[in-house]
Every structure is written in C-alpha cells, then in structure tokens.
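Using the sequences and the hints, build the whole thing.
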Amino acid sequence: GYSLGKPEDPRNETVNHLRVFGYLGRKRQEEIMNRSKLVITRPGYTTVMELSLLGKKALFIPTPGQTEQVYLAEYHKKRKNFYSVDQDRLNLTRDVEEAKKYPGLVHKTGANEAVDRFMKIVFG
234 GYSLGKPEDP RNETVNHLRV FGYLGRKRQE EIMNRSKLVI TRPGYTTVME LSLLGKKALF
294 IPTPGQTEQV YLAEYHKKRK NFYSVDQDRL NLTRDVEEAK KYPGLVHKTG ANEAVDRFMK
354 IVFG
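Each number in my numbering corresponds to the 1-based position in the sequence shown with 233 added.
Note that these hints are calculated values from the structure, not bench results.
Each residue gets a CB set at the ideal place from its N, CA and C atoms; glycine is no exception.
Hints may contain errors.
Claimed, not checked - Here are the simulated lysine-lysine pairs, DSBU-like style, with alpha carbons at most 30 Å apart:
(1) Lys260 to Lys290
(2) Lys260 to Lys333
(3) Lys260 to Lys353
(4) Lys310 to Lys290
(5) Lys260 to Lys270
(6) Lys310 to Lys334
Unchecked claim - Derived CB-CB ranges, DEER-like:
(7) Pro297 to Phe356: 38 to 48 Å
(8) Leu251 to Gly277: 18 to 28 Å
(9) Phe351 to Arg327: 29 to 39 Å
(10) Arg259 to Gly288: 16 to 26 Å
(11) Tyr304 to Met352: 27 to 37 Å
(12) Glu307 to Thr279: 11 to 21 Å
Dropping the structure here:
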C-alpha cells in the first residue's frame, strides 16, 4: 500500500493490486508498512531507517529538487538495496516488479530488542 500524503484526500482504493491511501496518520502508517510486502515511498532518512528496521523492500520515488531524497535514492540503487525511479518516468507495473528484485536493508535485531518492538507494536 501507499499513501499520497495528502490529509485532505480521503482516498482508500485498490489500483492494479496496489492499495492507495490519500493520507495515513503515523500509527496507521506503521500498521500498513508492517503488513506490506513492498512500500512505495519518498526516500527520506527516517523512512530508510524504518524500512531497515522492518526489513521491507521498497520502491523509491524521490521528490524532484529534494537533494536528500535524490541522494538516498541514487545511493541505495547503486548498492542494489532499493530500486528507485524518477516520478516523471514512473510506470508502476514495471517499477514495482523491478523493486521486488531488490532485497532492501536488513537490520539485525537482537532478540530482546525484537521482543520489545513487538510488544510496543501490539500493546502500544
């Protein structure tokens, strides 16, 4: 699933097997990311860290002119962690399939940390 990041957009629909949300609050975003096989997102530092902690694959679409996002997208694509595409060249069908081939970043979590994270997610 993915969120368009627009609070005024009530959208919640499925398009070509992709779940599209107009906006997700922080808690709902975490829930959706946890259940997703692939996350379509802008590649900011926080997002990259969250994807790493969750062990998720992603398709990065950097915002034009956002230096941090463009850098992170290029950095991770070169290292074959995450696939990225410029938004003006986006073809969801093709790019989602390509992104599935990239492993993402695997964060090695200790057992205690994993249990703590699980308890926090389940019980808040």
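Here's how the hints hold up against the structure:
As the CA atoms of Lys260 and Lys290 are separated by approximately 20 Å, the hinted pair is consistent with the 30 Å bound. Between the alpha carbons of Lys260 and Lys333 the distance comes to roughly 25 Å, so the proposed pair stays at or under 30 Å and holds. Between the alpha carbons of Lys260 and Lys353 the distance comes to roughly 12 Å, so the proposed pair stays at or under 30 Å and holds. Proposed proximity of Lys310 and Lys290 is supported: the alpha carbons are some 12 Å apart, at most 30 Å.
For a cut-off of 30 Å, the pair hint linking Lys260 to Lys270 stands: about 18 Å separates their Cα positions. For the suggested pair Lys310 and Lys334, the alpha carbons sit about 11 Å apart, so the restraint of at most 30 Å is met. The hinted window of 38 to 48 Å between Pro297 and Phe356 holds, with their beta carbons roughly 41 Å apart. Checking the proposed 18 to 28 Å range against Leu251 and Gly277 shows it holds: the Cβ atoms sit about 21 Å from each other.
About 35 Å separates the C-beta atoms of Phe351 and Arg327, a value consistent with the hinted range of 29 to 39 Å. In this structure the supplied range 16 to 26 Å holds for Arg259 paired with Gly288, their Cβ-Cβ distance being about 20 Å. Between Tyr304 and Met352 the CB atoms are about 35 Å apart, so this pair conforms to the stated range of 27 to 37 Å. The supplied range of 11 to 21 Å is met by Glu307 and Thr279, whose beta-carbon atoms lie about 18 Å from each other.
Comparing the model with each earlier hint shows no violations; every hint is respected.
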